[in-house]
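**Student:** Going down the list, the sequences are from chains A and B. Under our numbering, read the first sequence as residues 6 to 125, first letter to last. Under our numbering, read the second sequence as residues 6 to 125, first letter to last.
I should point out that these hints are in silico values taken from the structure, not numbers from a laboratory. Hints should not be assumed to be uniformly reliable.
To be verified - Beyond 12 Å from chain B on every Cβ pair, some chain A residues (computed):
| # | residue |
| --- | --- |
| 1 | Ala14 |
| 2 | Phe44 |
| 3 | Met80 |
| 4 | Pro81 |
| 5 | Pro82 |
| 6 | Arg83 |
| 7 | Val84 |
| 8 | Ser104 |
| 9 | Glu107 |
Stated by the list, open to error - Just a few of them, taken from the derived set where beta-carbon distance is under 10 Å, the chain B residues facing chain A:
| # | residue |
| --- | --- |
| 10 | Val11 |
| 11 | Asp27 |
| 12 | Ala56 |
| 13 | Lys57 |
| 14 | Thr60 |
| 15 | Glu61 |
| 16 | Glu67 |
| 17 | Glu87 |
The beta-carbon is built from N, C-alpha and C at its ideal position, and this holds for glycine as well.
Protein chains: 2
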Amino acid sequence: MPSFDVLQAACPSRSVLRHLTDRWTPMVVAVLSDGPARFGQIRGRVEGVTAKVLTETLRSMERDGLVTRTAQATMPPRVDYELTPLGRTLVTPLAAVRSWAEQHAEQVLEARARYDDTVD
Amino acid sequence: MPSFDVLQAACPSRSVLRHLTDRWTPMVVAVLSDGPARFGQIRGRVEGVTAKVLTETLRSMERDGLVTRTAQATMPPRVDYELTPLGRTLVTPLAAVRSWAEQHAEQVLEARARYDDTVD
Chain A
6 MPSFDVLQAA CPSRSVLRHL TDRWTPMVVA VLSDGPARFG QIRGRVEGVT AKVLTETLRS
66 MERDGLVTRT AQATMPPRVD YELTPLGRTL VTPLAAVRSW AEQHAEQVLE ARARYDDTVD
Chain B
6 MPSFDVLQAA CPSRSVLRHL TDRWTPMVVA VLSDGPARFG QIRGRVEGVT AKVLTETLRS
66 MERDGLVTRT AQATMPPRVD YELTPLGRTL VTPLAAVRSW AEQHAEQVLE ARARYDDTVD
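Assemble the whole structure, with the sequences as input and the hints as a guide.
**Tutor:** This is the structure:
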């Protein structure tokens with residue numbers, strides 16, 4: 006069994022960790038944890054992401070095996086994105102980090118204000 | 006109770022999430038989860054980080070209230086970094102994401118290779 010360790014500079018798990026914690030990946034995983042969605046639906050829920058950057062994020066997630074992209078033969082054509090079984094195993098750990106950010110945002114903002122007061 | 010939601014563009018929890026998932030923060034939290042450490046010790050364990058970037062990461066973590074920096078009145082002076090109680094609550098969620106990266110690195114690398122074969 007190979008041993009991966011993100012603390013080692015040459016370990017490929019580092020690039021995996023980088024992708025998971027890309028700016029938009031945790032939010033896309035959150036949206037797709039509710040089920041498959043079309044590009045426009047994802048973009049509607051992840052506020053502030055540009056079409057270009059969301060396209061890049063989804064492509065990178067597809068390349069990493071986290072998301073499938075399925076073109077439906079409808080008119081107009083329609084593309085659905087869905088978490089793969091591998092992608093679904095990410096929902097819980099990423100939700101824990103996201104939820105930490107939401108639950109502790111106030112404490113962090115207060116800490117920043119205190120720090121900035123001390124430094125000024 | 007205020008409601009924070011990282012999916013909302015203006016929500017301050019977004020910047021909190023960004024900091025948690027900064028390139029080096031999960032690794033520094035991992036190292037400090039074993040107890041207080043000096044700058045050089047942290048740098049020795051987080052392979053590949055430059056002194057400049059580690060300094061910036063630790064300062065940002067200190068500002069966010071995750072880490073304390075204590076100067077010891079020794080000769081030469083010595084500075085210890087330690088997780089605050091708030092920082093310690095991050096150990097488990099960040100370890101889950103790091104450990105996902107390590108445990109699934111192989112699957113992700115295989116998915117990338119398959120994807121790149123298809124695209125070429």
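**Student:** Which earlier hints turn out false for this structure, listed by number in ascending order?
**Tutor:** Result: hints 1, 8, 9, 12, 13, 14, 15, 17 break, sorted rising.
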